[in-house]
Amino acid sequence: MSKAISIVQELEAAALSPYQAVMRTLKETGKEAIGCFPIYTPEELIYAAGMIPVGMWGGDTELKLADRYLQTFCCSIMRSNIEYSMMGAYDMLKAVIIPTFCDTLKCICENWKVSAPHIPVIPMAYPQNRRIEAGFVYMTEELERVRGELETISGKPITEAMLEEAFAVYEAYRSAMREFVKVAVEHPETINAKSRHLIIKAGYFSDKKAYTDKIRMLTEALKEESVKPFHGIKVVATGLIAEPPALLDIFVKNNVAIAADDLAQESRQFRTLSRSDGSVIERLSWRVVDQQGCTFLYEVEKTRGQMLIEQVKETGSKGVVIFMMKFCDPEEFDYPVYKEELEQAGIPVLYLETEQQMDSFAQIQTRVQSFAEMLA
Amino acid sequence: MDDDKKLTSKEFLNQLVAKHYEGALQAKAEGKPVVWATSICPQELLETMDLATVYPENHAAAIGARKGALDFIENAEGRGYSSDNCSYARVNLGYADIQKAEAQDIPMPDLLFCCSNICNTVIKWYENLAKTLQIPLIMFDMPFNHTYEVPAHSVKYMKGQIEYAIGQLEAFTKKRFDYDKFGEVMELSNATCEWWKKATDWAKVIPSPLNGFDMFNYMAMIVCMRGNADGHRLFKMWHDELEAKAKAGLGPWSSAEEKYRVMWDGIACWPHLSTTFKALKKYGINMVTSTYPDSWNVRYEKNDLAGMAKAYSSNYANRNLDYDEDNVVRLVKDFKLDGIVYHSNRSCKLMDFRQYEIQRRVEAATGIPSVVFDGDQTDPRAFSEAQYETRIQALVEMMEENKEARRKG
Amino acid sequence: MYLGIDIGSTSTKAALIDGNGSLAAQKVVNIGTGTNGLDLVLAELFQAADVTMEDVEYTVATGYGRLLCAVADKQITEISCHAKGVSYLVRGTGTIIDIGGQDSKVIRLDPQGRVMNFAMNEKCAAGTGRFLEVMGRVLGCSLDELSELAGASTREVQISSVCTVFAESEVISQLSMGTRREDVAKGALVSIAKRVAGLCKRVGVEPRVVMTGGVALNKNMVAAMSRELNEDVQAAPYTQAVGAIGAALFALEAAGKKENSNA
Chain A
1 MSKAISIVQE LEAAALSPYQ AVMRTLKETG KEAIGCFPIY TPEELIYAAG
51 MIPVGMWGGD TELKLADRYL QTFCCSIMRS NIEYSMMGAY DMLKAVIIPT
101 FCDTLKCICE NWKVSAPHIP VIPMAYPQNR RIEAGFVYMT EELERVRGEL
151 ETISGKPITE AMLEEAFAVY EAYRSAMREF VKVAVEHPET INAKSRHLII
201 KAGYFSDKKA YTDKIRMLTE ALKEESVKPF HGIKVVATGL IAEPPALLDI
251 FVKNNVAIAA DDLAQESRQF RTLSRSDGSV IERLSWRVVD QQGCTFLYEV
301 EKTRGQMLIE QVKETGSKGV VIFMMKFCDP EEFDYPVYKE ELEQAGIPVL
351 YLETEQQMDS FAQIQTRVQS FAEMLA
Chain B
377 MDDDKKLTSK EFLNQLVAKH YEGALQAKAE GKPVVWATSI CPQELLETMD
427 LATVYPENHA AAIGARKGAL DFIENAEGRG YSSDNCSYAR VNLGYADIQK
477 AEAQDIPMPD LLFCCSNICN TVIKWYENLA KTLQIPLIMF DMPFNHTYEV
527 PAHSVKYMKG QIEYAIGQLE AFTKKRFDYD KFGEVMELSN ATCEWWKKAT
577 DWAKVIPSPL NGFDMFNYMA MIVCMRGNAD GHRLFKMWHD ELEAKAKAGL
627 GPWSSAEEKY RVMWDGIACW PHLSTTFKAL KKYGINMVTS TYPDSWNVRY
677 EKNDLAGMAK AYSSNYANRN LDYDEDNVVR LVKDFKLDGI VYHSNRSCKL
727 MDFRQYEIQR RVEAATGIPS VVFDGDQTDP RAFSEAQYET RIQALVEMME
777 ENKEARRKG
Chain C
786 MYLGIDIGST STKAALIDGN GSLAAQKVVN IGTGTNGLDL VLAELFQAAD
836 VTMEDVEYTV ATGYGRLLCA VADKQITEIS CHAKGVSYLV RGTGTIIDIG
886 GQDSKVIRLD PQGRVMNFAM NEKCAAGTGR FLEVMGRVLG CSLDELSELA
936 GASTREVQIS SVCTVFAESE VISQLSMGTR REDVAKGALV SIAKRVAGLC
986 KRVGVEPRVV MTGGVALNKN MVAAMSRELN EDVQAAPYTQ AVGAIGAALF
1036 ALEAAGKKEN SNA
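One line per chain: the protein sequences are A, B and C, in this order.
Taken in order, the first sequence gives residues 1 to 376; the numbers are from my numbering.
Taken in order, the second sequence gives residues 377 to 785; the numbers are from my numbering.
Taken in order, the third sequence gives residues 786 to 1048; the numbers are from my numbering.
Okay, chain A solo, but in the shape it has when bound (with noise of 0.2 Å):
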């Protein structure tokens, strides 16, 4: 087995078991865990307080309990977290990070405090006038907020040097992800759809800094690997989330290879890169106010369309699959206005809707493989 194979093996069963691979940190660690919902939260803030920043995007478990606050036609996401909260799946966390990015985040942000009170919530509100002056400081402002809401749970100042080497851990491993999926376009053999997916998503269980050498090794190692001829057809992958992992098996046996995402679980964690003056806390605002094109995030130009018209021909791919979350409503209104953008380009998209529950997918294996021999 080579190298490469191994290390991506490793990472994907820790996508696949996300609690033994938590509860596998924190051992080795020693370190205390605390949980992240998405989109963004400070990562970095808590890796300087001593802490494992666990990332929380939902899973496919059977829904029951969450009906106590939830309507059928919320985001899938959404209703596994509030499960998984009454289940005592999370127990082993000691707060959790929750931002409110759209209208369904912030009720499950009150509803937490209810279906979880025994783990306290720390809620966070990202300023979308980012770009103005006063957004810039309310951003920090929240930055600092939060940071004493950890201070307090940890029982420890965090000060500027742990914020420091925090930052630099981060810097580390986003630099070593974009790096990864550079590379990992070259080969689609053996970082298929679903192993990229499961690579990336792995990170969420780890502490950053271990997993940061892991990509790196991998990436090393596929760099020694020769490059073979790929009789697939490479797409771009834009949404919310690329899940359930089923789906991605259908892309495999289609030999269908994500060549490059905008998926808010993926590139948007890592693709933007820092500013290097200011404080730490600055910088993180930084970094929020330079992210571009992603729907939780107000943006009157909308670049979204053109970002991926951009990545489509970076990379030689010769389509974009949408990975709608059904319910996801920032997602869906962002859909109609780069998919004209798309259709204008030439671009053709697959529109896939899905949830994290889904018990058939004879419809997307058809769509999947009609995708692929209409651009065949």
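Some hints could be false.
Output of the computed footprint for chain B on chain A, the stretches with three or more beta carbons under 8 Å from beta carbons of chain B [to be verified]:
| id | segment |
| --- | --- |
| 1 | 66-77 |
| 2 | 129-143 |
Within a straight-line C-alpha distance of at most 16 Å, the following computed EDC-like cross-link-like pairs (lysine to aspartate or glutamate) qualify [said to hold, decoys possible]:
| id | chain 1 | residue 1 | chain 2 | residue 2 |
| --- | --- | --- | --- | --- |
| 3 | B | 532 | A | 133 |
| 4 | C | 986 | A | 340 |
| 5 | A | 326 | B | 460 |
| 6 | A | 209 | A | 164 |
| 7 | C | 859 | A | 164 |
| 8 | B | 532 | B | 680 |
| 9 | B | 574 | B | 617 |
| 10 | B | 635 | B | 773 |
| 11 | A | 3 | A | 225 |
| 12 | C | 986 | A | 310 |
| 13 | A | 209 | A | 60 |
| 14 | A | 214 | A | 160 |
| 15 | B | 535 | A | 133 |
| 16 | A | 214 | A | 10 |
| 17 | A | 234 | A | 310 |
| 18 | B | 382 | B | 617 |
| 19 | A | 234 | A | 373 |
| 20 | A | 182 | A | 340 |
| 21 | A | 156 | A | 144 |
| 22 | C | 986 | B | 473 |
| 23 | B | 404 | B | 486 |
| 24 | B | 532 | A | 141 |
| 25 | B | 612 | B | 634 |
| 26 | B | 658 | B | 677 |
| 27 | B | 443 | B | 481 |
| 28 | A | 113 | B | 698 |
| 29 | A | 209 | A | 165 |
| 30 | B | 535 | B | 680 |
| 31 | A | 113 | B | 701 |
| 32 | C | 986 | B | 450 |
| 33 | B | 654 | B | 590 |
| 34 | A | 326 | A | 60 |
| 35 | B | 443 | B | 478 |
| 36 | B | 658 | B | 761 |
| 37 | B | 621 | B | 634 |
| 38 | C | 986 | B | 447 |
Worth flagging that the hints you see were computed from the coordinates, not collected in a lab.
Just so it is clear, the structure is predicted and the values come from calculations on it, not from any experiment.
Ideal Cβ positions, reconstructed from N, Cα and C, are used throughout, including at glycine.
Given chain A, put chains B and C in place with the hints provided.
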């Protein structure tokens, strides 16, 4: 002044609705800029700048009530909007494409003015309008208040945005912002809101002189006319009428008696307005209040920008569960409610996803019964008359049982 | 001979194309995937063409049951097969509408008859054959009778609910108010046509518009679709077997390629 005596507030309301839309269409025809704005936005700035403004939410509701929504909804869905998105947005985005409505035409905008205190959905909706129509957008982001009170740093952020918006408006109109006039508009807006609140408070009397479905009609005007003299006159007039009716002991309807008093949670089902109204009236149920009277009771001291910022962030939809619970419990007591009808409105996730918990808490705190029904504010396809009827009947049975128990002591 | 098999959720279809690319036979049986429908339809098909399985050189399967079809050399989706079949049967087709039992789809073709774009209904059953079944059940009639009923309608009843469950209760309350069954049946057809027209708008409508699948046998449905789209809509010949015919044409092509590569 003689005219005033003959004119009822309802007639005046209808005149004002016509005047509002005609005025905006006229402004457009004269080459003046037109603004589209969200329903609880700092309209004081627009009024000060004398900008003709229409409110897409009002317009969508009017189209819905006149049963014309589907054409616009189908247009928007045809272009990729999901049927799960807010139907006000779908109607308006459809209208922005078709630009013609049998129910009511509005002029196309030159400027957009959006405030997220009512939801984050309007951010996406207005972003899309700005991109499609290629026009400027002034955005007010009012962060959700997850604490009981509005936090100080949020107020500062919102005040900063109001100041920034004034600069944007000066750039857009190429005119200086008149702070003296601004002060007057603030004063007038506060006075109008006070009459709105005092008028709707008459429903506390038993029987209520106010039929709550009328409140839905007047609501359109508190959205678009808080900052001008017409609006002020209308709500004072309405208030005086309700006061007279209350003092004469008159109830909401001449043809029936008020037997039960309920609160309606959420927006009306505009396409099924008469169906939803009649099913209530049949049992003598009067909707005496909702969370809306307070949502437009936007009050602050004249010339206090921070106070204004705070007032605009303080509406029900932008508050946390504890606040909302206290608010509804207070309504139950103040308005002596027998029950609550919760509209699980497919369009409004922000209200829906707290509704179950609010319902449980209010029931625990007050002991009054309630029902939830499925519907939508403007999409006629998401409502079942049979389901609504059954649930209302169930509510009546529960309210009757309560009354019976009270009679028995 | 080249065989195309289309295993749908409620019916199984098969077609044979000869070496010259002519349609030799086509058959439909009204039972779908997971049944013995395939054996039945093949028996009928072979009898009609007077051939046996031995004469078949290449087989392509399509439809929901395609991946479980053991006799197939290749599986191709119904999107591609409908496109292939319709371009063969009706020259100059720009848009195909197929209202199936589980899925409804709209396929846009380029002038060469290749798939340019397609859209399918989401999870919800509104706008699919399933909706008609539910309506038929409420009205106590079969799908064929539903069409006949609709033909006798004098006043169209609006069924506005999107949700099939809601629509069912809407129809029941209409009937209890004394609305004629004929008018309700018509309302059901129009309701589907509206949903599918919405799907059409997602990919754009280009004439000619051709309908395929069992629902296209329903003349009143085709007419309703035409009215909603404000375009002429025609039912494809062999409307139920279009997918199977397309599959058989793909079989012919695939066999040709195989021979070329062998030579």
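Could you tell me which of the hints above the structure violates, numbers in ascending order? Violated hints: 7, 12, 13, 14, 20, 25 and 26; rest satisfied.
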